[in-house]
Amino acid sequence: MKKQKIQEEVKAVEAEQEQTTFTEDMFNFVKEDESAAEKMYAPSISYWQDAWRRLKKNKVAMASMIFIILLTLMAIIAPMVSPYTHDAVNFSAMDNGPSAEHWFGTDNLGRDMWARVWMGARVSLFIAFVAAIVQSTVGIIIGGISGYFGGKVDLFLMRFSDIVDSIPFLVYVILIMMIMGSGMAPIIIAFALTGWIRMARLVRGQALSLKESDYVMAAKGLGASNMRIIIKHMVPNMLGVIIVTLTMSIPNAIFTEAYLSYIGIGLQPPLTSWGLLANEGAAVIKTYPYQLIIPALFISLTMLCMQLFGDGLRDALDPKLRK
Amino acid sequence: MLKYALKRIVIAVITLFILISAVFVMVRLLPGDPFTDPKVPEATQEKMREYYGLNEPLYKQYLTYMDNLLHGDLGYSLRTQGRTVNEIISSAFPYSIDLGIRALVFAVVAGLLLGIVAALNQNKFLDHFSMAVAVIGISIPSFIIGSVFQYIFSVKLGILPVARWDSFASTILPTFALGLGSVATIARLMRTSMLEVVNEDFIKTAKAKGLNKREITLNHQLRNSMLPVITVMGPMVATLLTGTFVIENIFAIPGLGRHYVISIQTLDYPLILGMTIVYSVFLVLMQLVVDLVYGLIDPRIKLR
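Residue numbers (the numbering used here), protein chains in the order written: chain L, 1 to 323; chain H, 1 to 304.
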């Protein structure tokens with residue numbers, strides 16, 4: 001019985017084989033399409049593209065960004081195209097309120113406020129941006145060294161920053177002003193001397209954690225120099241947090257410049273800045289309130305937008321920090 | 001705790017020493033001195049310098065100054081005849097401190113309230129409202145708030161005194177103007193902190209024990225959320241005290257700010273030095289107190 005069954009099966013198979021013709025390619029391996037496994041069904045997105053995408057969704061932050069860009073452009077362009085210069089005195093048009101001729105009115109010497117506000121914007125924004133960049137650079141370098149090398153260097157630098165930090169900001173400004181005179185450079189230097197601490201602490205913390213990461217260990221194993229590791233591996237990974245902190249320090253700089261000029265130890269005329277304009281306006285607030293309100297509005301709006309943009313940037317660049 | 005406290009105190013003392021020395025040297029490095037004046041005969045100028053010990057070598061002046069300082073003597077003001085720096089400071093500083101403390105109390109109370117209300121109503125109207133107030137408070141500088149409020153409440157409406165510091169009503173506007181920025185900072189911090197603490201294990205435990213919501217919020221959530229707020233108190237005191245200068249200016253309060261600016265303009269060495277030292281000692285001490293209090297409240301800090 002069994003034998004019969006087997007024979008039948010063999011016959012069936014043979015019959016089947018006779019019907020099929022074998023071709024060469026039937027004996028090739030069926031290759032897996034490796035490129036298919038790698039195929040991306042959504043476009044590849046880098047960290048920065050992703051951050052940009054998130055930022056774009058945040059309407060408040062985008063509006064603030066557009067405002068800041070417009071403001072910066074106006075600060076550059078407006079004084080060039082304005083029919084009045086910021087220091088042209090006109091005694092026949094003193095303390096005139098806003099009108100078609102003088103959009104923001106004139107001050108007590110008949111100077112056009114529109115031109116003065118934008119000239120002030122130039123100075124205030126320039127100081128704020130430069131100060132933020134300078135102090136961040138100092139902070140990154142000191143914090144990076146402190147965190148990366150650790151040990152005694154770290155201890156010394158951190159104690160040093162504690163001491164620098166406990167001296168009031170105003171003391172620095174006053175001392176520097178007394179030595180260098182008033183002007184833009186002393187203010188920026190004072191910012192650089194005091195503002196780096198926040199950034200340095202932040203970068204140090206980041207450096208401490210990043211230096212334990214595997215890719216830094218790999219780079220070390222491959223013989224990369226300290227400088228190369230810092231520039232190639234640590235800085236790009238910290239960039240998000242650094243940019244956020246930098247943005248947040250800009251409103252602070254705007255405020256401090258305005259504050260110093262307002263109490264009369266910052267910039268001095270004939271230079272002009274928002275702080276100085278507010279100072280001049282405050283003197284005549286009882287009679288010509290617009291002279292204070294206009295620069296005050298600019299200072300506040302700029303700080304507000306910087307703050308909101310900074311918040312948005314933080315959410316976009318570093319979701320871990322999101323609050 | 002003792003070791004932590006000692007470490008803090010040593011750092012504070014070193015800071016003060018470096019600060020005083022640095023300020024001394026820098027003030028003396030300034031070009032000119034209080035007696036440089038082309039209208040005054042050279043011989044008289046020389047005599048004045050001799051009288052005040054300004055022609056001695058720098059290190060000798062430094063030692064004398066430090067010696068006097070250890071005895072609590074800050075020297076004579078060079079510009080206001082016959083007044084000691086101690087007198088000027090002790091007559092003006094209380095006003096600045098008074099204003100600073102009022103603003104601090106206002107900032108802490110209002111800031112905590114706003115923050116707590118926002119956190120308990122997360123993503124509801126009250127939350128958005130509190131945070132909008134906070135962002136605006138951070139964005140508008142104190143001197144602008146001061147001037148604008150003065151204009152609205154005193155000049156236009158006439159409800160509150162325009163200036164001076166002699167009645168409770170006259171302290172309202174300065175306190176409010178100075179404190180608003182800090183209210184905003186504390187409110188934002190408190191809100192974040194409250195929302196973070198909600199997810200902690202001890203809140204879960206408290207819920208599991210069957211405590212009601214009020215008890216959990218008051219005894220567990222609130223207490224633990226206060227820690228970050230205490231951390232920022234040190235720098236905040238510094239900000240507020242610096243802020244008093246401009247607020248004093250706006251509301252004509254006879255505090256330290258006016259003397260500070262004038263002394264710089266007239267190169268009144270002992271006065272600049274004296275005020276910088278008093279101001280810095282005060283700030284460093286406040287920072288020390290905050291650090292120590294923080295160590296007491298949060299036992300974890302000792303381990304660091």
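Certain hints may be false.
Distance windows between CB atoms, simulated [said to hold, decoys possible]:
no.: 1; chain 1: H; residue 1: V261; chain 2: L; residue 2: S213; range: 48 to 58 Å
no.: 2; chain 1: H; residue 1: K156; chain 2: L; residue 2: A42; range: 53 to 63 Å
no.: 3; chain 1: H; residue 1: I230; chain 2: L; residue 2: K232; range: 32 to 42 Å
no.: 4; chain 1: H; residue 1: N121; chain 2: L; residue 2: S225; range: 19 to 29 Å
no.: 5; chain 1: L; residue 1: T137; chain 2: H; residue 2: V155; range: 57 to 67 Å
no.: 6; chain 1: L; residue 1: L73; chain 2: H; residue 2: N121; range: 35 to 45 Å
no.: 7; chain 1: H; residue 1: K124; chain 2: L; residue 2: S213; range: 37 to 47 Å
no.: 8; chain 1: H; residue 1: I18; chain 2: L; residue 2: M62; range: 18 to 28 Å
no.: 9; chain 1: H; residue 1: G158; chain 2: L; residue 2: T137; range: 20 to 30 Å
no.: 10; chain 1: H; residue 1: N121; chain 2: L; residue 2: V60; range: 30 to 40 Å
no.: 11; chain 1: L; residue 1: L73; chain 2: H; residue 2: N212; range: 55 to 65 Å
no.: 12; chain 1: L; residue 1: T137; chain 2: H; residue 2: N55; range: 38 to 48 Å
If you are wondering where the hints come from, they were derived from the structure by calculation, not from laboratory data.
Note that the structure is predicted; figures quoted are calculated from it, not measured.
From the three backbone atoms N, C-alpha and C, an ideal C-beta is built for every residue, glycine too.
Going down the list of hints, with the structure as the test:
1. Checking the proposed 48 to 58 Å range against V261(H) and S213(L) shows it holds: the Cβ atoms sit about 50 Å from each other.
2. With their beta carbons about 60 Å apart, K156(H) and A42(L) fall inside the hinted range of 53 to 63 Å.
3. Range check, I230(H) to K232(L): about 40 Å between beta-carbon atoms, so the 32 to 42 Å window is met.
4. A C-beta distance of roughly 54 Å is found between N121(H) and S225(L), which places it outside the suggested range of 19 to 29 Å.
5. Range check, T137(L) to V155(H): about 45 Å between beta-carbon atoms, so the 57 to 67 Å window is missed.
6. In this structure the hint that L73(L) and N121(H) lie 35 to 45 Å apart at CB holds, the actual value being about 40 Å.
7. For the pair K124(H) and S213(L), the supplied restraint of 37 to 47 Å holds, since their beta-carbon distance comes to about 41 Å.
8. Distance hint check for I18(H) and M62(L): the Cβ-Cβ separation is about 46 Å, which falls outside the suggested range of 18 to 28 Å.
9. Taking 20 to 30 Å as the suggested C-beta distance range, the pair G158(H) and T137(L) does not conform, at roughly 51 Å.
10. Between N121(H) and V60(L) the Cβ separation comes to about 20 Å, which falls outside the hinted range of 30 to 40 Å.
11. Under the hint 55 to 65 Å, the C-beta atoms of L73(L) and N212(H), about 57 Å apart, fit the expected range.
12. Hint check: T137(L) to N55(H), Cβ distance near 42 Å, so the stated range 38 to 48 Å holds.
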